[in-house]
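Now for the letters of each chain:
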Amino acid sequence: MTAAMTEVSRLLQEDFEEVVDAWFATQKREGVRRPDLFSDRESRRQLSDLLRAFADTLGRIDLSQSVDVDAEEWSDLRLALSEITLVRAERGVAPWEMTTFVLALKQPVFGKLNERLRDTPDRLLQEAADFGRIVDAFAMHINEHFIAERDEIIERQRAEMMELSTPVVQLWERVLTIPLIGTLDSMRAQEVMENLLNAIVEHQAEVVIVDITGVRVVDTQVAQHLLRTAAAVRLMGAEAIISGISPKIAQTMVELGVDVGEVTTRPSIRAALAEAFRRVGFAITRVEDTRA
Amino acid sequence: MPEAASIYKVDKVLLVAIRDNITDTDIINLQEDLSERIVSEKARGVVIDIAALEIVDTFVGRILAQLSAISRLLAAETYIVGMRPAVAMTLVELGMDLPGSKTALSLSHALRALKAKGLA
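Protein sequence lines correspond, in order, to chains A and P.
Its first residue numbered 1, the first sequence is counted upward by one per residue in this note's numbering.
Its first residue numbered 1, the second sequence is counted upward by one per residue in this note's numbering.
Errors might be hidden in some of the hints.
As the list claims (entries may be wrong) - Straight-line alpha carbon distances no greater than 25 Å define the calculated SDA-like cross-link-like pairs of lysine to any residue that follow: (1) LYS115/P - VAL280/A; (2) LYS115/P - ALA283/A; (3) LYS115/P - GLN190/A; (4) LYS115/P - GLN204/A; (5) LYS102/P - PHE282/A; (6) LYS102/P - VAL263/A; (7) LYS102/P - LYS28/A; (8) LYS102/P - VAL280/A; (9) LYS102/P - ASN198/A; (10) LYS102/P - PHE277/A; (11) LYS115/P - ARG279/A; (12) LYS42/P - ILE7/P; (13) LYS117/P - THR264/A; (14) LYS117/P - VAL280/A; (15) LYS102/P - ILE181/A; (16) LYS102/P - ARG174/A; (17) LYS102/P - ASP130/A; (18) LYS28/A - ARG44/A; (19) LYS117/P - GLY281/A; (20) LYS115/P - ARG44/A; (21) LYS102/P - GLU262/A; (22) LYS102/P - GLU173/A; (23) LYS28/A - SER82/A; (24) LYS102/P - GLN190/A; (25) LYS12/P - ALA120/P; (26) LYS117/P - VAL263/A; (27) LYS115/P - THR25/P; (28) LYS102/P - LEU227/A; (29) LYS102/P - TRP172/A; (30) LYS12/P - ALA69/P.
No lab work stands behind these hints: they were computed from the structure.
All figures in this text were calculated on a predicted structure; none of them were measured in a lab.
Bound conformation, chain P alone (with noise of 0.2 Å):
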C-alpha cells in the first residue's frame, strides 16, 4: 500500500507530496518524519505538494500550518504548493489563511523560487 504522504529528496530539496487518502495519524507521522529528514539531509528548502488533497479540514490547515512553521526553525524555506481552489475556499472560511506559510503555484514555481535564493 502506497504511503499516504512521502517524502523525496531533489538535490538540497525535500519534497513532500501528501495523497488524498491522508488520515490524522499519517499526518502526525509525517511531521516527525520531516523534521527528521531536515535535520540529517540538511535541507535548506521544503516544498509540500498538496494538488492531490481534496478536502482540508481545520486539523489538516493546522498541521500544513505547523510542518511549515517546523521547518523554518530548523532553517528551511517551506512552500506549499498546488492548492486547489475549493481547498483554498475552504481554508478561508475556516479563518486558516496560513499567515506564515509560503506559496506557490506548483513544484517548479518553488523550484525556481528557491534556486533563485540559492537554497536549491
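Excised from the complex, chain A in its bound form (with noise of 0.2 Å):
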C-alpha cells in the first residue's frame, strides 16, 4: 500500500457508514437519486456494496503507476460495478446521472480528509489529488460500461423487434399477407423483402398482400421501400397489393408524387383479401342470411 493514500483508505474503513450517508446525501442534493426507480433502501446497499469495493481496491493499487482500470487490481470494483449499471440501464437512468453518482463520492470524503488532515496541508492536498485522480477514471469507466451496456441492450431489443415484426402469413392457398408495423427503414425493408420472397418460393403464392395500416409514417422512402418490394415480387411471377392506405395515406403520397404505377392498391386488408380471392379463382359466398 502507498503511504500517500493511507489516510483515505483509514478513513473509509473507520467511517464507512458516514460517507455512505454523506454520498447518498450528495447525490439527492444532485438531483440524480431517482427516488422513482429505486428505494432508499436499495439505493443505500448499491451504494454500501460499490464503496466496500472500492476501499477494498483503494487498498491495492498502486498510484505511483497511472490509474488503469482494466487492470487486475480493479476485478472486483468492476464486478459490483456492472451488477450495478445493469440495473440502472435497464431502468432507463441516463449516463450523466450515472456520472454525477460517481463523482458525488468526492465531496463527502474531501471533507472527511479535511478535517482528519488540516494541520498536513502538504498531504492533504496529496491525498485528494490522488483521490480525484481514482474517482475520476472511475467515473470516465463508469460511463463507458453505461453505455455499453445500454447500446447492448438496444441491439438486443433492436434484433427482438427485427424478428417480431416481419412475420409472413399464409392467408389462404397461394395467398399471403405481411403485415407491416411501425417504421419501415432500409434495413427492416430489406428484411421483408427477403422474407416475402422467400416465402413466394416456399408457398408457391400467386398473390401477397403488403398491409401498411401498422405503418405509422409513409413518406418518400418508405414509399419507395414498398414499390420496390412490389417489383420485386412481380419479378418472381406474383403479384403485389398494398392494402391499408388511409384517406391520409393516399393524400400524403399524391403530395409527395408517388407514382405507385401498375401496383394495385386497396384501402383495406378485407378489400385487398376480395381482389386476392378473384385472382387465384376463389369466391366467398354466404351460405345464408343469419341475422334475424
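From the two separate chains plus the hints, produce the assembled complex.
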C-alpha cells in the first residue's frame, strides 16, 4: 500500500457508514437519487456494496502508476459496478446521472479528509489529488461501461423487434400477407423483402398482400421501399397488393409525387383479400342469412 | 459440353432454359437463335426459365428485357419464370424491374397462363 493513500483508506474503513450517508445525501442534492426507480434501501445497499469494493481496491493499487481501471487490481470493483450499471441501464437512468452518481463521492471524502489532515496541508493536497484522480478514472469507466450496457440492450431489443415485426402469414392457398408495423427503414425493408420473396417460393404464392395499416409514417423513402418490394414480387412471378392505405396516406403520397404505377392498392386488408381471392379463383359466398 | 442456353419446343411454345454459367457471348447468340426460332416455328408463346441463374448483373438484366421485347415484337407472348429471390432483389436494386416483361412463378404457371389465352 502506498503511503500517500493511507488516510483515505483508513477513513473509508473507520467512517464507512458516515461516508455512505454523506454520499447518499450528495446524490440527493445533485438530483441523481432517482427515488422513482429505486427505494432508499436499495440505493443504500448499492452504495455500500460499491464503496466497500472501492475501499478494497484502493488498498491494492499503486498510485505511482497511472490509473488503469482495466487492470487486474480493479476486478472486484468492476464486478460490483457492472451489477449496478446493469440494473440502472435497464431502468432507464441517463449517462450523466450515472457519472454524477460516482462523482458525488468526492465531496464527502474531501470533507472527511480535510477534518483529518487539517494540520498537514501538503498531505491533504496530495491525498485529495490522488483520490480525485481515481474517482475521475472510475467515473469515466462507469460512463463507458454504462453506455456499452445500454447499447447492448438497444441492440437486443432491435433484433427482437426485427424478428417480431416481419412475419409472413399464409391467408389462403397461394395468398400470403405481411402486416407491417412501426417504422420501415432501409434495414427493415430489406428484411421484409427477403422474408416475403422466400415465402413466395416456399408457398408457391401468386398474390401477396403488403398491409401498411400499422405503418406510422409514409414518406417518399417508405413509399420507395414499398414499390421496390412490389417490383421484386412481380419479378418472382407473383402479384403484390398494397393494402391499408388510409385517406391521409393517399393524400400524402400524391402530395409527395409518389407514382405507384401498375401496383394494385386497396384501402383495407379486407378489400385486398377480396381482390386476392378473385385473382386466384376463389369466391366467398354466404351460406345463409343468419341475421334475424 | 452442354450449351449455356437451350431452346426447346413444347407444343406451340418455345422454352428457353438458361444455365448459371452463361457468358455474355452466349447470351447474344441466344438472342439471335431465339428470334429466328420464333419466326421459323411460328411460336406464339415464349417461356424463359432462369431458375438456374444465381447471379445477375445489369448486362443480363438488360438482355432479359430485350429478349422479351423482341419476342413481343414477333407476336410471341413472353414469360420470365423461376426467378430466385436474391436475383429479384438484385434487379430491383439495380433499378431494372423489367417493366415490359411478364413473369410467372414457374414453367407450369406460365404454360397455364398461355393455354388460357389459347397461345399454347
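Hint check results:
1. About 16 Å separates the Cα atoms of LYS115/P and VAL280/A, which keeps this hinted pair within 25 Å; it holds.
2. Restraint check for LYS115/P and ALA283/A: satisfied, since their Cα atoms lie roughly 23 Å apart, inside the 25 Å limit.
3. Restraint check: the Cα-Cα separation between LYS115/P and GLN190/A comes to about 36 Å, which exceeds 25 Å; the hinted pair is violated.
4. For the suggested pair LYS115/P and GLN204/A, the alpha carbons sit about 20 Å apart, so the restraint of at most 25 Å is met.
5. For the given pair, LYS102/P sits about 23 Å from PHE282/A by alpha-carbon distance, which is consistent with the 25 Å threshold.
6. A distance of roughly 14 Å separates the Cα atoms of LYS102/P and VAL263/A; the hinted pair therefore holds under the 25 Å criterion.
7. This hinted pair does not check out: LYS102/P and LYS28/A have alpha carbons roughly 71 Å apart, beyond 25 Å.
8. For the given pair, LYS102/P sits about 17 Å from VAL280/A by alpha-carbon distance, which is consistent with the 25 Å threshold.
9. Of the supplied pair hints, the one linking LYS102/P and ASN198/A holds, its CA atoms being roughly 20 Å apart against a limit of 25 Å.
10. This hinted pair checks out: LYS102/P and PHE277/A have alpha carbons roughly 21 Å apart, not beyond 25 Å.
11. Proposed proximity of LYS115/P and ARG279/A is supported: the alpha carbons are some 17 Å apart, at most 25 Å.
12. Proximity of LYS42/P to ILE7/P is assessed by CA-CA distance (about 14 Å); at most 25 Å being required, the pair is judged to hold.
13. Restraint check for LYS117/P and THR264/A: satisfied, since their Cα atoms lie roughly 22 Å apart, inside the 25 Å limit.
14. Only pairs whose Cα atoms come within 25 Å are accepted, and LYS117/P paired with VAL280/A is accepted, the gap being roughly 16 Å.
15. With a C-alpha separation of about 31 Å, the suggested pairing of LYS102/P with ILE181/A is violated against the 25 Å cut-off.
16. For a cut-off of 25 Å, the pair hint linking LYS102/P to ARG174/A stands: about 19 Å separates their Cα positions.
17. Between LYS102/P and ASP130/A the alpha-carbon distance is near 77 Å, which puts this suggested pair outside the 25 Å criterion.
18. Of the pairs offered as hints, the one joining LYS28/A and ARG44/A holds, with about 12 Å between alpha carbons and a cut-off of 25 Å not exceeded.
19. Of the supplied pair hints, the one linking LYS117/P and GLY281/A holds, its CA atoms being roughly 16 Å apart against a limit of 25 Å.
20. For the given pair, LYS115/P sits about 81 Å from ARG44/A by alpha-carbon distance, which is inconsistent with the 25 Å threshold.
21. Taken as a hint, the LYS102/P and GLU262/A pair is honoured in the structure, with Cα atoms around 13 Å apart against an allowance of 25 Å.
22. Between LYS102/P and GLU173/A the CA atoms are separated by roughly 22 Å; this keeps the pair inside 25 Å, and the hint holds.
23. As the CA atoms of LYS28/A and SER82/A are separated by approximately 22 Å, the hinted pair is consistent with the 25 Å bound.
24. Among the hinted pairs, LYS102/P with GLN190/A is consistent with the structure: their alpha-carbon atoms are about 24 Å apart, no more than 25 Å.
25. Restraint check: the Cα-Cα separation between LYS12/P and ALA120/P comes to about 5 Å, which is no more than 25 Å; the hinted pair holds.
26. For a cut-off of 25 Å, the pair hint linking LYS117/P to VAL263/A stands: about 23 Å separates their Cα positions.
27. Between LYS115/P and THR25/P the alpha-carbon distance is near 33 Å, which puts this suggested pair outside the 25 Å criterion.
28. With a C-alpha separation of about 17 Å, the suggested pairing of LYS102/P with LEU227/A holds against the 25 Å cut-off.
29. Of the supplied pair hints, the one linking LYS102/P and TRP172/A holds, its CA atoms being roughly 24 Å apart against a limit of 25 Å.
30. Annotation: proposed proximity of LYS12/P to ALA69/P holds, straight-line Cα distance about 19 Å (limit 25 Å).
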